[in-house]
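Student: Sequence:
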Amino acid sequence: MQDTDVLVREMVQKRHRRRRTLLVSLVAVVVVAGAALVGAGLVRANNTAPDEAPSRIPAGATEDKAGLLASIGEVRIDLYLDYLCPECRNTEKALADALETLKTSGEVSVVYHPVTFLDGRSSPEGYSTRAASAAACAAQQGRFEQYSTVLFDRQPAERGPGLTEAQLIAAGRDAGITGDAFEKCVRAETYAPWVRYVSDVAASREVALTPTAMVNGERIEVTGSDAAASLTRAVTEARG
Numbered sequence: 461m462q463d464t465d466v467l468v469r470e471m472v473q474k475r476h477r478r479r480r481t482l483l484v485s486l487v488a489v490v491v492v493a494g495a496a497l498v499g500a501g502l503v504r505a506n507n508t509a510p511d512e513a514p515s516r517i518p519a520g521a522t523e524d525k526a527g528l529l530a531s532i533g534e535v536r537i538d539l540y541l542d543y544l545c546p547e548c549r550n551t552e553k554a555l556a557d558a559l560e561t562l563k564t565s566g567e568v569s570v571v572y573h574p575v576t577f578l579d580g581r582s583s584p585e586g587y588s589t590r591a592a593s594a595a596a597c598a599a600q601q602g603r604f605e606q607y608s609t610v611l612f613d614r615q616p617a618e619r620g621p622g623l624t625e626a627q628l629i630a631a632g633r634d635a636g637i638t639g640d641a642f643e644k645c646v647r648a649e650t651y652a653p654w655v656r657y658v659s660d661v662a663a664s665r666e667v668a669l670t671p672t673a674m675v676n677g678e679r680i681e682v683t684g685s686d687a688a689a690s691l692t693r694a695v696t697e698a699r700g
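All residue numbers for the sequence shown refer to this note's numbering, where the first residue is 461 and numbers rise by one.
Careful: at least some of the hints might be erroneous.
[To be verified] Once the Cα atoms are required to be at most 27 Å apart in a straight line, the calculated DSS-like pairs of lysine-lysine come out as:
hint: 1; residue 1: 553; residue 2: 525
hint: 2; residue 1: 553; residue 2: 563
hint: 3; residue 1: 563; residue 2: 644
hint: 4; residue 1: 525; residue 2: 563
[As the list claims (entries may be wrong)] Ranges of calculated distance between the beta carbons of each label pair, as one might list FRET restraints:
hint: 5; residue 1: 676; residue 2: 512; range: 23 to 29 Å
hint: 6; residue 1: 525; residue 2: 641; range: 16 to 22 Å
hint: 7; residue 1: 532; residue 2: 585; range: 18 to 24 Å
hint: 8; residue 1: 520; residue 2: 613; range: 17 to 23 Å
hint: 9; residue 1: 641; residue 2: 686; range: 36 to 42 Å
hint: 10; residue 1: 584; residue 2: 532; range: 38 to 44 Å
hint: 11; residue 1: 699; residue 2: 520; range: 21 to 27 Å
hint: 12; residue 1: 565; residue 2: 515; range: 35 to 41 Å
hint: 13; residue 1: 648; residue 2: 696; range: 19 to 25 Å
Hints in this document: simulated from the structure, not taken from any laboratory. As the structure is a prediction and not an experimental result, all values here were calculated from the model. Backbone N, C-alpha and C fix where the C-beta goes; we use that ideal spot for every residue, glycine too.
Given the sequences, and given the hints that come with them, work out the whole structure.
Tutor: So, in structure tokens, the structure goes:
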């Protein structure tokens, strides 16, 4: 059972970007066995489709340009993560070994979707976008997963400024990225338009919370105590 703080942290903030209007609402408060549970944030989108993808797309993007492909296999796993989301950090750690085993076996296509739902929970706003854009810069250098691990290890507290530009660049060095291209990319926030596009596509697919995990399009629970077992079981069932 997630506590109130974790659930509130996961709540998607109100987003107004380009042609899409998203409304975040707190849907319920329920008392079960004496513990208060806060309903998860719910994104409601209008019927306007996301704008077309921007011209700058990082290496490894999927055909629809709305995610990053980390492996190829029979069963598709989609992971929606926000770098300011505490539960995403927990999920990244909980699933790491299982994902590595599945990828190594060639069983799965793993697609990461770095979203920016929690931009409003940093001060100043926008850390989720800055971090996700930097992660896309890492993808351009072939080090997305390594960089994501470093970002989650150094995840800042909500309501603060987030990691600085210098810290995001230093994280790249610790993820094994060399050369000046990554630093220039981070400073320019080259992929900020792309991560906003990824977020809008996610919302259009009714992804409202992070973390969200899907196996062949079916959502699975990855925030409980048996996240890795839940993922492995879902992949086995999907294979038939």
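Student: Hint compliance check: list the failing hint numbers for this structure, sorted ascending.
Tutor: 3, 7 and 13
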